[in-house]
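Participant: Sequence:
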Amino acid sequence: MRRVATYIITLFSACNGVLATDEAVFVDIRAAEGHILESHSEDDFQTRFLKFCDLAAVEFNKEISRFADRDNADPATHHMPFFEDAHAVRALAVAYDMTGEHKYLDACRRWSDQIIEYQDLMIPAGAYYMNHSRAPGENQGQWNVADSGSIAMGVLAMAIRCDDPTEKAKYLESVRAFARLVIENYVGPERGISNGLWPAYNGQWWCSTATFGTMAFVLYEETGEKKYLEVAKGALEWMTHQDFREVKPITFQQRPSGIIFYCFELYATALRYLKPGSPEYERAISQIDLALDWMAKNQKTQGANVPEYLVKNVDMAGLPYLMYAFARQLPQYRGLTGPADHELRYIGDLLLRDGNPNVSRLMVWEVMTWGMMSYAERLKPGAMHRSSKQLQGLPTHKPQTVSN
221 MRRVATYIIT LFSACNGVLA TDEAVFVDIR AAEGHILESH SEDDFQTRFL KFCDLAAVEF
281 NKEISRFADR DNADPATHHM PFFEDAHAVR ALAVAYDMTG EHKYLDACRR WSDQIIEYQD
341 LMIPAGAYYM NHSRAPGENQ GQWNVADSGS IAMGVLAMAI RCDDPTEKAK YLESVRAFAR
401 LVIENYVGPE RGISNGLWPA YNGQWWCSTA TFGTMAFVLY EETGEKKYLE VAKGALEWMT
461 HQDFREVKPI TFQQRPSGII FYCFELYATA LRYLKPGSPE YERAISQIDL ALDWMAKNQK
521 TQGANVPEYL VKNVDMAGLP YLMYAFARQL PQYRGLTGPA DHELRYIGDL LLRDGNPNVS
581 RLMVWEVMTW GMMSYAERLK PGAMHRSSKQ LQGLPTHKPQ TVSN
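The working numbering numbers the first residue of the sequence shown as 221 and each following residue consecutively.
Note that these hints are calculated values from the structure, not bench results.
Hints are supplied without guarantee of correctness; some may be wrong.
Said to hold, decoys possible - In the DSSO-like style, the derived pairs of lysine-lysine whose C-alpha atoms are separated by at most 27 angstroms in a straight line are:
| id | residue 1 | residue 2 |
| --- | --- | --- |
| 1 | K495 | K446 |
| 2 | K390 | K282 |
| 3 | K446 | K388 |
Unchecked claim - Restraint-style ranges between C-beta atoms, simulated for each label pair:
| id | residue 1 | residue 2 | range |
| --- | --- | --- | --- |
| 4 | E283 | K532 | 22 to 32 angstroms |
| 5 | D574 | D289 | 20 to 30 angstroms |
| 6 | P344 | G444 | 42 to 52 angstroms |
| 7 | R554 | D263 | 18 to 28 angstroms |
Beta carbons: idealized from backbone N, C-alpha and C, even for Gly.
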């Protein structure tokens with residue numbers, strides 16, 4: 221309210237000491253306050269987002285070591301699972317969209333080139349190395365479609381932003397090779413996607429279906445190749461028949477925020493392919509309603525008595541991304557932007573409370589990279605799913621901010 225008081229004093233002076241009480245004046249005051257808050261929020265969010273992007277870019281300059289110890293905090297190496305790196309890469313690509321600063325695109329390029337170098341040695345052909353489990357050149361050990369779907373999204377984000385045709389073709393061929401492997405071997409009878417060479421479960425699985433389906437929609441947008449649209453629609457159809465609260469293995473009780481993040485990024489990506497009023501659309505909306513209700517009851521800034529996200533459920537940092545995405549696309553969810561802004565401020569405060577976060581620690585890197593995706597959607601709506609034909613991202617609904 222301090223900004224409102226300042227505005228009133230300014231208005232009082234402009235009226236030669238006569239403070240008007242006309243209702244229109246107070247409408248103007250409220251409008252001015254809203255404008256100031258919105259401007260302040262935009263600046264604050266962008267400053268924090270670019271700070272985190274700078275930290276991620278530095279990480280991608282380090283020597284990569286295998287992810288093997290959750291407690292490894294060696295600042296000399298980068299030692300994280302590559303699917304989590306991909307979250308940062310996608311956000312860095314959006315930072316490049318926003319600023320035109322090549323340091324962000326160069327970081328995406330370094331990471332993507334390393335991913336392709338590993339991929340060229342992987343068995344089976346087209347698989348992505350995950351920085352854990354089956355390594356390049358090995359023909360045994362587990363390899364997961366779910367992790368690799370996220371990794372493919374990072375490489376695809378780089379491809380989309382390439383101006384050089386030869387460079388673009390290299391990155392697109394990498395993603396196509398992965399997609400070919402999955403389409404030929406891991407699409408199930410109901411069009412869900414199994415998780416590759418995973419000994420725990422060989423059926424159609426929620427996470428591999430979600431990450432591969434999300435990637436396939438964006439790959440279709442970039443290439444125009446209908447085979448990717450067909451497999452993406454199949455993954456979506458399978459997902460709409462699942463209740464996210466009942467999926468397994470890895471149950472909702474074990475990992476609620478992770479299940480919501482991945483399942484509902486697929487919904488957020490695919491909504492525009494669903495016909496309003498169709499049975500598939502109604503099933504999707506029903507699941508979205510349930511997920512948003514869970515968020516409202518379990519987010520820290522909405523009063524939930526839960527551990528801070530650096531301690532448990534790190535992927536909570538990615539849920540504002542989904543809230544913004546649904547608010548952008550569906551009128552009934554417009555009111556989500558205020559709670560999402562509050563949650564994103566909390567995430568930024570949490571990361572920066574002791575100065576720059578120690579991103580060599582796994583859970584700090586996780587909260588920051590999931591959070592970077594939320595910042596990216598807040599500041600450049602739709603850009604994480606855009607193709608090179610959509611230079612400004614998807615049509616957007618401008619968020620309405622609220623004060624703390």
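Participant: Can you give the numbers of the hints that this structure goes against, from lowest to highest?
Facilitator: 6
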